[in-house]
Amino acid sequence: MNLVELEKKLIAAARVENPSDEVPFGFTTRVMARITSLPNSAAALWADALWKSAGACIVIVCVFCTISVLTFTPAEKEGSAGNLAQEFEKTMLAGLETDYPR
Amino acid sequence: MERTEAELIAAVLRGDAASFEPLIEKYSPRVFATARRYARRESEIEDIVQEVWLKAFQKLSSFRGDAPFEHWLMRLAVRTCYDFLRGHQRNRESMFSELTEPEEDWLDRFVTHPDGANEHAEAAKLLIGRIMDQLSPPARLIITLLEIEDRSVKEISKLTGWSIPLVKVRAFRARAEMRKLLAKMAKDKYL
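The listed protein sequences correspond, in order, to chains A and B.
For the first sequence, counting from 1, position 83 maps to 82 in numbering that gives the first Met the number 0; every step adds exactly one.
For the second sequence, counting from 1, position 166 maps to 165 in numbering that gives the first Met the number 0; every step adds exactly one.
Do not rely on the hints blindly, as some may be mistaken.
Once the Cα atoms are required to be at most 27 Å apart in a straight line, the calculated BS3-like pairs of lysine-lysine come out as [said to hold, decoys possible]:
#, chain 1, residue 1, chain 2, residue 2
1, A, K7, B, K188
2, A, K51, B, K54
3, A, K7, B, K124
4, B, K179, A, K7
5, B, K188, B, K167
6, A, K7, B, K25
7, B, K183, A, K7
8, B, K58, A, K51
9, B, K183, B, K153
The calculated label-pair distances, taken between Cβ atoms and stated as ranges, are [stated by the list, open to error]:
#, chain 1, residue 1, chain 2, residue 2, range
10, B, R63, A, W50, 31 to 37 Å
11, B, D46, A, F63, 37 to 43 Å
12, B, A17, A, M0, 17 to 23 Å
13, B, V168, A, A46, 42 to 48 Å
14, B, R63, A, A53, 35 to 41 Å
15, B, A17, A, V68, 49 to 55 Å
16, A, I66, B, R150, 55 to 61 Å
17, A, R33, B, A9, 19 to 25 Å
18, B, Q57, A, F71, 46 to 52 Å
19, A, M0, B, E100, 17 to 23 Å
20, B, R2, A, A53, 39 to 45 Å
21, A, D20, B, E97, 26 to 32 Å
Don't read these hints as lab results, they were simulated from the structure.
The beta-carbon is built from N, C-alpha and C at its ideal position, and this holds for glycine as well.
If we strip away everything but chain B, and leave its shape as in the complex, we get (with noise of 0.2 Å):
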């Protein structure tokens, strides 16, 4: 008979480091999927994942059951995430001068055309990710959160810790830098 999370999660807690591989085979997807969007290359990905799990081991005891734990695992992950982000800062810099030929035909094609210009285009995708990769740590995890995973204030705030006036404040502050960025390239391109 297949054990419940409650009665595995006792048992790692008693001293079975094993019972805690099939809550690993279990929820690996999901932060894989996570930590997928806040870094690139999948030794970076799979370090952040292992950090997670790691910390999930070591902190065990601090889940209180009153929650499932996947929202308890998922919190762990997204600060872990984070925490990548703000180690990584320096690796930032990049110049929009250098968009690739299918970047510079989309961008033409949103000014011509509005209209014309594709979301589902792998041009567009390319765009985005570039965008991303120079926001601030913080303007990075709102805009993939609120905007992007179409979350709540009140779950940003639950899942980062930060309170919910802050992540207002964040969150205005990552439009801003947003917007910026993207005068920037419209700038580097056509002025």
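With the rest of the complex left out, here is chain A (with noise of 0.2 Å):
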């Protein structure tokens, strides 16, 4: 078979058919409604970006929420809560219990 042949043939059977430009119904009503719904401004952009962030921070929060609550153990609970407790005393009166010289 010749191929050079048969590629001139075939770009030429492309050649033929323009394809069409017919416009679909209602096209420019659509985009003209995306377009619009567009934020226009550099601050629409950027409240527009800070309410997506909002959302990634509030499911970054509920994950370690739900990582915590499953890993809590009621030993831990005593011991740690407890211990925390008594450093925090110590270390907020630790100023009340120096001895000043007179």
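From these two lone chains plus the hints, build me the complex, please.
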């Protein structure tokens, strides 16, 4: 088979057919609706980005809350909570317990 | 009185989005004809054209006005079509063993009497469509612009944003890719 000739024939076939330039009904209206709904200023774009990142932050907080609830054990609760209270009190009152020279 | 394109563009840039509508109405047929060269399904074609207009609206401030708006828009359209082809590369799989009867008949006619195989035949159009669908995105774009739309290398360079040497290299590779596909088709059918 002569491939060069076949290529020429097929390219000629593609040239014969011009694609239609028909525009679907209501297309312009649809595009205009999309365009008018676009955020049109830098402030609007910034606000849009902030809302999206706020959503992501909420998801991250939920994930961490779930992990801490699931990994929580009562033994740890008593020990660590007691230690924390004592350490906190000691730190807060450290200044008062210091003996200053008179 | 009808406003000129420059006036419409200036109005859009001042914030009057409604002035964009006459531009969409005027140039959509041209953009649709371009998109139909690269996509088959009407839903995909509409998506491409919509994308072109959204990009045109968002990037209108980059239109300097030293060339016609149509040229700027067509560059945007060709690049959007190329992005579409790159995004749909995985859908290129098709076998030449699945040729329809009219396509096989046309090929048989071409083998026996090359002059008798008419390029106006519907089967020939289907065959070239099948081959174009299997080309890589750059090859398809180059073959369409260079061979089918008969554009010059310089024009293609402006439309695609590729350098002239790159267009030439890609045109060479595209032709080689096309011949390889034709050879595969001949092998699948006759060997």
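Against the structure, the hints come out as follows:
1. Taken as a hint, the K7(A) and K188(B) pair is honoured in the structure, with Cα atoms around 19 Å apart against an allowance of 27 Å.
2. Between K51(A) and K54(B) the CA atoms are separated by roughly 22 Å; this keeps the pair inside 27 Å, and the hint holds.
3. Restraint check: the Cα-Cα separation between K7(A) and K124(B) comes to about 13 Å, which is no more than 27 Å; the hinted pair holds.
4. Restraint check: the Cα-Cα separation between K179(B) and K7(A) comes to about 14 Å, which is no more than 27 Å; the hinted pair holds.
5. Between K188(B) and K167(B), the direct Cα distance comes to roughly 32 Å. Violation of the 27 Å bound is thereby established for this hinted pair.
6. Of the pairs offered as hints, the one joining K7(A) and K25(B) is violated, with about 35 Å between alpha carbons and a cut-off of 27 Å exceeded.
7. For the proposed pair K183(B) and K7(A), the alpha carbon gap of about 17 Å is at most 27 Å, so the pair holds.
8. For the suggested pair K58(B) and K51(A), the alpha carbons sit about 23 Å apart, so the restraint of at most 27 Å is met.
9. The suggested pairing of K183(B) with K153(B) is violated, with an alpha-carbon distance near 32 Å, which exceeds 27 Å.
10. Between R63(B) and W50(A) the CB atoms are about 34 Å apart, so this pair conforms to the stated range of 31 to 37 Å.
11. For D46(B) and F63(A), the Cβ-Cβ distance of about 39 Å falls inside the hinted range of 37 to 43 Å, so the restraint holds.
12. A17(B) and M0(A) have their C-beta atoms about 58 Å apart, which leaves the hinted 17 to 23 Å range violated.
13. For V168(B) and A46(A), the hinted distance range of 42 to 48 Å is satisfied, since their beta carbons lie about 46 Å from each other.
14. Judged by the Cβ atoms, the range 35 to 41 Å given for R63(B) and A53(A) holds: they are separated by roughly 38 Å.
15. Range check, A17(B) to V68(A): about 53 Å between beta-carbon atoms, so the 49 to 55 Å window is met.
16. At about 59 Å, the beta-carbon gap between I66(A) and R150(B) stays in the expected band of 55 to 61 Å.
17. The supplied range of 19 to 25 Å is met by R33(A) and A9(B), whose beta-carbon atoms lie about 22 Å from each other.
18. Separated by about 49 Å at the C-beta atoms, Q57(B) and F71(A) satisfy the suggested range of 46 to 52 Å.
19. A hinted range of 17 to 23 Å holds for the C-beta pair M0(A) and E100(B), which are about 19 Å apart.
20. For R2(B) and A53(A), the Cβ-Cβ distance of about 42 Å falls inside the hinted range of 39 to 45 Å, so the restraint holds.
21. Between D20(A) and E97(B) the C-beta distance comes to about 31 Å, which sits within the given range of 26 to 32 Å.
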